[in-house]
Amino acid sequence: MTVNHPRSGAPCKISPRGASMIMRKVRDQPRTTRQDLVNDLKRAGTTVSKKTISNTLRRHGLKSCSARKVPLLKPVHVQARLKFANDHLDDPEEEWEKVMWSDETKIELFGLNSTRRVWRKKKDEYNPKNIIPTMKHGGGNIILWGCFSAKGTGRLHRIEGRMDGAMYREILANNLLPSVRALKMGRGWVFQHDNDPKHTARATKEWLHKKHLKVLEWPSQSPDLNPIENLWMELKVRIAQRQPRNLKVCMEEWAKIPAAVCANLVKDLHQLYLPEEVPPEQQQWSPSLKQEDPEPTQIKEEHEELWTSQGREQLKELESDTKEFIFTPASVENQDFKLLSVPVSAEDVPP
Numbered sequence: 067m068t069v070n071h072p073r074s075g076a077p078c079k080i081s082p083r084g085a086s087m088i089m090r091k092v093r094d095q096p097r098t099t100r101q102d103l104v105n106d107l108k109r110a111g112t113t114v115s116k117k118t119i120s121n122t123l124r125r126h127g128l129k130s131c132s133a134r135k136v137p138l139l140k141p142v143h144v145q146a147r148l149k150f151a152n153d154h155l156d157d158p159e160e161e162w163e164k165v166m167w168s169d170e171t172k173i174e175l176f177g178l179n180s181t182r183r184v185w186r187k188k189k190d191e192y193n194p195k196n197i198i199p200t201m202k203h204g205g206g207n208i209i210l211w212g213c214f215s216a217k218g219t220g221r222l223h224r225i226e227g228r229m230d231g232a233m234y235r236e237i238l239a240n241n242l243l244p245s246v247r248a249l250k251m252g253r254g255w256v257f258q259h260d261n262d263p264k265h266t267a268r269a270t271k272e273w274l275h276k277k278h279l280k281v282l283e284w285p286s287q288s289p290d291l292n293p294i295e296n297l298w299m300e301l302k303v304r305i306a307q308r309q310p311r312n313l314k315v316c317m318e319e320w321a322k323i324p325a326a327v328c329a330n331l332v333k334d335l336h337q338l339y340l341p342e343e344v345p346p347e348q349q350q351w352s353p354s355l356k357q358e359d360p361e362p363t364q365i366k367e368e369h370e371e372l373w374t375s376q377g378r379e380q381l382k383e384l385e386s387d388t389k390e391f392i393f394t395p396a397s398v399e400n401q402d403f404k405l406l407s408v409p410v411s412a413e414d415v416p417p
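Under this note's numbering, think of the first position of the sequence shown as 67, with each following residue one higher.
Please note: incorrect hints may appear among the correct ones.
[Said to hold, decoys possible] With beta-carbon atoms standing in for the labels, derived distance ranges:
#1 GLU159 - ALA110: 55 to 63 Å
#2 GLU159 - SER120: 42 to 50 Å
#3 ASN312 - ARG268: 17 to 25 Å
#4 GLU226 - HIS275: 24 to 32 Å
#5 ALA110 - LYS149: 28 to 36 Å
#6 ASN240 - ARG97: 13 to 21 Å
#7 LYS276 - ASP157: 57 to 65 Å
Bear in mind the hints are in silico, worked out from the structure with no lab data behind them. Every residue gets a Cβ at the ideal spot worked out from N, C-alpha and C, and that includes glycine.
Let the sequences and hints guide you as you build the complete structure.
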């Protein structure tokens, strides 16, 4: 009869004291490299490889992750974000349902500028199956302006060229109020946009005031507080699955996003603004926000693109497509809005 007794295995090359030393170094300086830790241990009289360093850190629950990129926040931004969260912490869901959220985003129709990896032999690098066709001037990148509320998606507009204040006001005039009317927002709705200079220009503020529109006060450097960021991601995932060749796909997929998805994004705002304990040394990066799990570094090198190369098919159909995407949602029962009462007269709404 054979009995398997516990085995001790190979002894650890790094002593408990050495492990504590590198853990302390990583805790104090998260950007420390494995080579730095190897050098530190060598000076302390222990010679190990970078692989041993990785194994030791993993045993202590740490792994190499790509650092999240977030807006750099100054103290004034931190205070503004905290004030915004505290001011709206107790707001009922009905109040957020009155907000028309808006933003701009860049969408890459073909994925031409993305890094992709292929499996190939050494001499097959220029095989048509293994290449990514590129174009000058950004390839398939397009800029879109869009808006949505808890009742569904509003209009989607393609921005051509460099947008200035005059172009932005024209976009609002042609798309914002018609979207409000199509979504049956009712009286007392509120407009949200960020603090981009084009949005806060004096002429833009005067235009909004002339139209009797109430604007939600917004903290600077806070794109993560806007639920439309998640809606943009929803749109990009849908577009990627279709491997698009023209702008019509954007219009179709934007229109297909269910109103329930929009409602859930707005409903989740209350959880987003809940206070959270954040160490003081981290507040300059992302205060009072929930942090996502870190992403392994390897993901950066092993992106699995949803797009496939379309060979010589490029952007022939872009110029012929429409610039404006209009989605009229199904009829939604109008609600009685009480919290905000900013009337929009009929003459203020363009026909």
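These are the hints, each one checked on the structure:
1. GLU159 - ALA110: 55 to 63 Å: With Cβ atoms ~57 Å apart, the hint holds.
2. GLU159 - SER120: 42 to 50 Å: holds, 46 Å
3. ASN312 - ARG268: 17 to 25 Å: For ARG268 against ASN312, whose Cβ atoms are near 38 Å apart, the range 17 to 25 Å is violated.
4. GLU226 - HIS275: 24 to 32 Å: holds, 28 Å
5. ALA110 - LYS149: 28 to 36 Å: violated, 48 Å
6. ASN240 - ARG97: 13 to 21 Å: Hint violated: Cβ distance 47 Å, outside 13 to 21 Å.
7. LYS276 - ASP157: 57 to 65 Å: Between LYS276 and ASP157, where Cβ atoms are some 28 Å apart, the hint is violated.
Going down the numbered hints, you'll see the structure goes against 3, 5, 6 and 7, while the others check out.
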